[in-house]
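Asks: If you want the building blocks of each chain, they are given just below.
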Amino acid sequence: MNCLEVQESLAAYFDGEIAADVRSIMETHLGRCAECTRDLAGFKQISVMTRALQTPSPPDSLWAQIEQQLDQQPLAVSAEQPRTWASLAPRLFALAATVVVALGLGSFIYDSWIAQGEHPRFAVEFGQYVDGFRRDPIAAQQIFLAKYESQLVDPQQAIQHVGYHPAVARGLPEGYTLVSTHVVKMPCCTCVQALCKRSDGSTLAIFEHDENQTTEWFGDSPETMAACHDKQCCFVQLDGQLAASWRQGTRHITMLGVEDAAEVSQMVAWMDENKAPLPD
Amino acid sequence: MVDAAVLAGCRSCERGAQQRLYELSHRQVYRLMVRMVGLQDATDVTQQVFLQVFRKIDQFAGHSKFETWLYRLASNEALQHLRKGRRWKFQPLTQEPVSRHASEEDRNENKELIERALSKIDPELRAIFVLREIEGLTYREIAEAIEIPEGTVGSRLNRARRELQQHLADLGWEP
Numbered sequence: 001m002n003c004l005e006v007q008e009s010l011a012a013y014f015d016g017e018i019a020a021d022v023r024s025i026m027e028t029h030l031g032r033c034a035e036c037t038r039d040l041a042g043f044k045q046i047s048v049m050t051r052a053l054q055t056p057s058p059p060d061s062l063w064a065q066i067e068q069q070l071d072q073q074p075l076a077v078s079a080e081q082p083r084t085w086a087s088l089a090p091r092l093f094a095l096a097a098t099v100v101v102a103l104g105l106g107s108f109i110y111d112s113w114i115a116q117g118e119h120p121r122f123a124v125e126f127g128q129y130v131d132g133f134r135r136d137p138i139a140a141q142q143i144f145l146a147k148y149e150s151q152l153v154d155p156q157q158a159i160q161h162v163g164y165h166p167a168v169a170r171g172l173p174e175g176y177t178l179v180s181t182h183v184v185k186m187p188c189c190t191c192v193q194a195l196c197k198r199s200d201g202s203t204l205a206i207f208e209h210d211e212n213q214t215t216e217w218f219g220d221s222p223e224t225m226a227a228c229h230d231k232q233c234c235f236v237q238l239d240g241q242l243a244a245s246w247r248q249g250t251r252h253i254t255m256l257g258v259e260d261a262a263e264v265s266q267m268v269a270w271m272d273e274n275k276a277p278l279p280d
Numbered sequence: 001m002v003d004a005a006v007l008a009g010c011r012s013c014e015r016g017a018q019q020r021l022y023e024l025s026h027r028q029v030y031r032l033m034v035r036m037v038g039l040q041d042a043t044d045v046t047q048q049v050f051l052q053v054f055r056k057i058d059q060f061a062g063h064s065k066f067e068t069w070l071y072r073l074a075s076n077e078a079l080q081h082l083r084k085g086r087r088w089k090f091q092p093l094t095q096e097p098v099s100r101h102a103s104e105e106d107r108n109e110n111k112e113l114i115e116r117a118l119s120k121i122d123p124e125l126r127a128i129f130v131l132r133e134i135e136g137l138t139y140r141e142i143a144e145a146i147e148i149p150e151g152t153v154g155s156r157l158n159r160a161r162r163e164l165q166q167h168l169a170d171l172g173w174e175p
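First to last, the sequence lines map onto chains A and B.
For the first sequence, counting from 1, position 156 maps to 156 in my numbering; every step adds exactly one.
For the second sequence, counting from 1, position 141 maps to 141 in my numbering; every step adds exactly one.
Treat the hints as calculated values from the structure; they're not laboratory data.
Heads up, some of the hints might be wrong.
[Unchecked claim] Here are the simulated BS3-like pairs of lysine-lysine, each with C-alpha atoms no more than 27 Å apart in a straight line:
(1) A:Lys44 with B:Lys56
(2) A:Lys147 with A:Lys197
(3) B:Lys56 with A:Lys185
(4) A:Lys147 with A:Lys185
(5) A:Lys44 with B:Lys120
(6) A:Lys231 with B:Lys120
(7) A:Lys147 with B:Lys65
(8) A:Lys231 with A:Lys197
(9) A:Lys147 with B:Lys56
(10) A:Lys275 with A:Lys231
(11) B:Lys65 with A:Lys185
(12) A:Lys185 with A:Lys197
(13) A:Lys275 with A:Lys197
(14) A:Lys185 with A:Lys44
Using the sequences and the hints given, assemble the complete structure.
Replies: And the structure:
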């Protein structure tokens, strides 16, 4: 091992998160390298300083504040309080009347909204995600998931949330690793989003959704249709990156951060070859 | 430790179970928040974290430890708070809690320096570093909490520690 290799694994060595055989090799290097040993001592000093930090206690009133918020915004009907139809009837009547008024008003607002393009705020938010994805996919992913109701799922179990087995439940082509799979409820649709890594460490996001979303997600970014494997794919030229979308069975696949048409063709071919139904 | 009974009670919105969950875990959330967003905002953000916990408790599928899920919500809330206010740097504690040994001036000075250095590094690196050094999470738990590949935790900790060393040196710290 040379200095560069040791430096790359120094944190894992320091934290005891390295395999025994690699640890032994690193120890041999550290025994004769003053520079790497000095860096390791620096890690130790920072650790000691950090662990010596004291944190003041949280205020005693904090639970009372949280409880007050919970009382103001009940999260759900308590299971401790069974309610009868008789006791709920006046409230239900009032609720029904409110719903009738709200539906009329909502329909008007929705029609006006549609006239201006659907979910304009969402379009801006998704644009920010796309832009962030190009610079730092991991940070963009965190913001994206925090914005919408999302759930980390086992790809095999996603069917419980969306009613189908997503393509990634069958795995990925060679050279790709699945990092995470989330079911995300966005204003436009509920989709399955899979974050994947290529063997070179770069990131790709695969969305599976019911309807075509290219206009909703990418606005008026330039689009080009091209044949990939046996499918017509829509390529969207974004600022410094590429997205591609195509129909896969009864749903649509959209990939963000694709390299080129060859990569999309490979993915289309792989999904076509691995589309056999999975057991529910 | 938060057990299945407490979680079940929270899913049914039982106030007693919610309070129990809070009692069992609020210190660790608050500790993380003090280091992430600073003392001034730590109480508010901790409050938001617990409201999120009770709101999203049905989403905890039990694939990881509850504490890891809690750290994920807490880290996200802290990062969102910092982004909203564009407060990438927080104001470090102006005064550390008084040491029992008043003569330990050097140690107190070191504490102030590390506080200041921590406040200068990227919030995501800070979260990873605090989860490791203060909360004692393993790389796997950090990966789940921050939602990054386990293989990148080490490289980010490398970066965090080197940046801290650099900031400490800029602040005049001598090993």
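Asks: Checking one constraint from the list: CA of lysine 147 (chain A) to CA of lysine 185 (chain A), max 27 Å. Satisfied?
Replies: This hinted pair holds, its Cα atoms lying about 10 Å apart.
Asks: Under the criterion that the straight-line Cα-Cα distance not exceed 27 Å, is the pair lysine 147 (chain A), lysine 56 (chain B) satisfied?
Replies: Roughly 13 Å separates the two Cα atoms, so the pair holds.
Asks: Are the Cα atoms of lysine 44 (chain A) and lysine 56 (chain B) separated by 27 Å or less?
Replies: This hinted pair is violated, its Cα atoms lying about 38 Å apart.
Asks: Check the hint pairing lysine 185 (chain A) with lysine 44 (chain A) against an upper bound of 27 Å on the C-alpha distance.
Replies: The hint is violated at about 44 Å.
Asks: Hinted pair, alpha-carbon criterion (27 Å max): lysine 185 (chain A), lysine 197 (chain A). Please report holds or violated.
Replies: The hint holds at about 23 Å.
Asks: Given the hint that lysine 275 (chain A) pairs with lysine 231 (chain A), test it: the Cα-Cα distance must not exceed 27 Å.
Replies: 15 Å, holds
Asks: Mind checking the alpha carbons of lysine 44 (chain A) and lysine 120 (chain B) for me, to see if they're no more than 27 Å apart?
Replies: With a Cα-Cα distance of about 20 Å, the restraint between lysine 44 (chain A) and lysine 120 (chain B) holds, given a limit of 27 Å.
Asks: Quickly compare the C-alpha distance for lysine 231 (chain A) and lysine 197 (chain A) to 27 Å and report which way the hint goes.
Replies: This hinted pair holds, its Cα atoms lying about 24 Å apart.
Asks: Is the Cα-Cα distance between lysine 275 (chain A) and lysine 197 (chain A) 27 Å or less?
Replies: Roughly 22 Å separates the two Cα atoms, so the pair holds.
Asks: Take a quick look at whether lysine 147 (chain A) and lysine 65 (chain B) sit within 27 Å of each other, Cα to Cα.
Replies: 23 Å, holds
Asks: Within 27 Å, alpha carbon to alpha carbon, are lysine 65 (chain B) and lysine 185 (chain A)?
Replies: 24 Å, holds
Asks: Between lysine 231 (chain A) and lysine 120 (chain B), does the CA-CA distance stay at or below 27 Å?
Replies: 50 Å, violated
In summary, the numbered hints that this structure violates are 1, 6 and 14.
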